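2 protein chains.
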Amino acid sequence: MQDYDDFMIKVPMVKVNTKELRVVSYEDTIIKEDRVSLYLNGTKIISTMCILNDQDAHAVGFLMSEGVIENIEDIYNIEVSKDGLSVFINAKINDENIANLFHEKTLTSGCCVGVSANFEGKIIQKFLSQKVRFHLKEIEQYLLKFQKDTELFYLTGCVHKAMLFCGNQVFSSEDIGRHNALDKVIGKAKLAKVDTSTALLIVSGRLSMEMVIKCAMHDIPIVVSNAATTALGIQSAQNLGITLVGFAKNGYMNIYTHKSRIILPCDIQNDYEVLSRLES
Amino acid sequence: MQDYDDFMIKVPMVKVNTKELRVVSYEDTIIKEDRVSLYLNGTKIISTMCILNDQDAHAVGFLMSEGVIENIEDIYNIEVSKDGLSVFINAKINDENIANLFHEKTLTSGCCVGVSANFEGKIIQKFLSQKVRFHLKEIEQYLLKFQKDTELFYLTGCVHKAMLFCGNQVFSSEDIGRHNALDKVIGKAKLAKVDTSTALLIVSGRLSMEMVIKCAMHDIPIVVSNAATTALGIQSAQNLGITLVGFAKNGYMNIYTHKSRIILPCDIQNDYEVLSRLES
Numbered sequence: 000m001q002d003y004d005d006f007m008i009k010v011p012m013v014k015v016n017t018k019e020l021r022v023v024s025y026e027d028t029i030i031k032e033d034r035v036s037l038y039l040n041g042t043k044i045i046s047t048m049c050i051l052n053d054q055d056a057h058a059v060g061f062l063m064s065e066g067v068i069e070n071i072e073d074i075y076n077i078e079v080s081k082d083g084l085s086v087f088i089n090a091k092i093n094d095e096n097i098a099n100l101f102h103e104k105t106l107t108s109g110c111c112v113g114v115s116a117n118f119e120g121k122i123i124q125k126f127l128s129q130k131v132r133f134h135l136k137e138i139e140q141y142l143l144k145f146q147k148d149t150e151l152f153y154l155t156g157c158v159h160k161a162m163l164f165c166g167n168q169v170f171s172s173e174d175i176g177r178h179n180a181l182d183k184v185i186g187k188a189k190l191a192k193v194d195t196s197t198a199l200l201i202v203s204g205r206l207s208m209e210m211v212i213k214c215a216m217h218d219i220p221i222v223v224s225n226a227a228t229t230a231l232g233i234q235s236a237q238n239l240g241i242t243l244v245g246f247a248k249n250g251y252m253n254i255y256t257h258k259s260r261i262i263l264p265c266d267i268q269n270d271y272e273v274l275s276r277l278e279s
Numbered sequence: 000m001q002d003y004d005d006f007m008i009k010v011p012m013v014k015v016n017t018k019e020l021r022v023v024s025y026e027d028t029i030i031k032e033d034r035v036s037l038y039l040n041g042t043k044i045i046s047t048m049c050i051l052n053d054q055d056a057h058a059v060g061f062l063m064s065e066g067v068i069e070n071i072e073d074i075y076n077i078e079v080s081k082d083g084l085s086v087f088i089n090a091k092i093n094d095e096n097i098a099n100l101f102h103e104k105t106l107t108s109g110c111c112v113g114v115s116a117n118f119e120g121k122i123i124q125k126f127l128s129q130k131v132r133f134h135l136k137e138i139e140q141y142l143l144k145f146q147k148d149t150e151l152f153y154l155t156g157c158v159h160k161a162m163l164f165c166g167n168q169v170f171s172s173e174d175i176g177r178h179n180a181l182d183k184v185i186g187k188a189k190l191a192k193v194d195t196s197t198a199l200l201i202v203s204g205r206l207s208m209e210m211v212i213k214c215a216m217h218d219i220p221i222v223v224s225n226a227a228t229t230a231l232g233i234q235s236a237q238n239l240g241i242t243l244v245g246f247a248k249n250g251y252m253n254i255y256t257h258k259s260r261i262i263l264p265c266d267i268q269n270d271y272e273v274l275s276r277l278e279s
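So the sequence lines, in the order shown, correspond to chains L and G.
Going by numbering that gives the first Met the number 0, 253 is the number at position 254 of the first sequence; the sequence numbering is gapless.
Going by numbering that gives the first Met the number 0, 91 is the number at position 92 of the second sequence; the sequence numbering is gapless.
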């Protein structure tokens, strides 16, 4: 069995207690995701963003769930590369089902297809202006607004939410998928011809790399979630100049990247400076 | 603004208080998802499983996030069909980015590509044997096991989990994506050549249609989640003969479909019969 430590990293961050106005922690444990490529009979058929464990079982489960491999006995051999990033399977396959696999491109809830491909091309070269700043108090007010009016979630327990605060204009969307909710709220701002380069986004879902890149596409400088973020989410935000805030709930806030965009009350500025010394 | 009621349905179910052994509710409010198709300049480019609101904004946000449409002014017109299931956009597009959109097929966390396409073909014709049954007590014991050993979640707050209980053999997986966790655990059972047709599955994620269909692919007769389920999740489970249990946590359990697979203590059998009369 692999050590759990292989799948996590420690990252520097500032955990702020927003009620007592003090920094309570300087480090967080974050899940690491990687892109694993699946080669079937010598051809690369798909990549998946996932944790680097059980890659062989993952590939087998995926191909059998899709009906591409019909019986476990149809597999001649499975090999996982030493770096864990590639799985090679040779097997007897159902040609019809492999053709169907991408016949109808259906994005299911939580799914995001293209962004990762575009990422490595051009988006990574972006670095958002650091001029836009928000007071901690202001973010807290937005969070309060975000938590209100969630009737769909309250009644069904089954939706994600995204809110975009663009000065006086506020856009809000809900969907079963976190990517859908984000796309909807961005679309609303675009249709209203509102500049998103000074906006603050709050979402209810996990901040994976793809979510962060989408925000960079629209120059959204600060992204807040009441859920977790991933290692690549933090790395992308760092590289793209985005301020990433996770676990923003119950009077706490984890600030992972580009902290200077958030203006803290004097009371905790000292704590902040301790961190800066730690980082330097 | 659309009425929230448009996005939800009331479904019959049995909510059991597993501590006090009584039925506490016979109805639940469930989110409705649908497949929305996006046509760009006359060509269908993608479908998305989503809530039927803000379809125009969703399409605009998606295409602009992917860089397919670069400026809002490049859109000539947008039309949503009367049934809300199709969006037609005519726009000036970036040819390179639309080509990239599906160039590298990367499944991001929570994503599932092929299953839906295969669904309408053959899987829907399946109906699982109703012979396999589980005592409520047994399911509770599995749930206790499921809640233990979640160190990755405890430390990062950022993983999904799936556990497959196949008689004496138990398989467990974690991943950032709920589909990945499910594929991994199924792959483990397949590699161990274990029969999954008498197994019970517990997952931490939302039970959408695709999750249910995957279980049907492997003849898993009972699927339990501590999260929500969707309208199409319930409908597929009903049609495929799968017992679907949602919100299995804190001493409660919502049984949505094929209830007879779960054997209840005599104390609540009467309540159950009330329901049967209500249903008939």
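In case anyone wonders, no lab produced these hints; they're calculated from the structure.
All values reported here derive from a predicted model rather than from experimental measurement.
Worth double-checking, as some hints may not be accurate.
No copy is singled out in the list; a pair is fine if it fits within one copy or between any two copies.
Lysine-lysine pairs mimicking DSS-like chemistry, simulated, CA-CA at most 30 Å apart [what the hints assert, rightly or not]:
no. : residue 1 : residue 2
1   : Lys147    : Lys31
2   : Lys91     : Lys125
3   : Lys43     : Lys147
4   : Lys43     : Lys248
Verification of the hints:
1. Lys147 x Lys31: between (32 Å within a copy, 22 Å between copies)
2. Lys91 x Lys125: So Lys91 and Lys125 pass the 30 Å test across copies only (23 Å; inside, 45 Å).
3. Lys43 x Lys147: Close neither inside one copy (46 Å) nor across copies (37 Å); limit 30 Å.
4. Lys43 x Lys248: Neither, since 41 Å and 40 Å both go past 30 Å.
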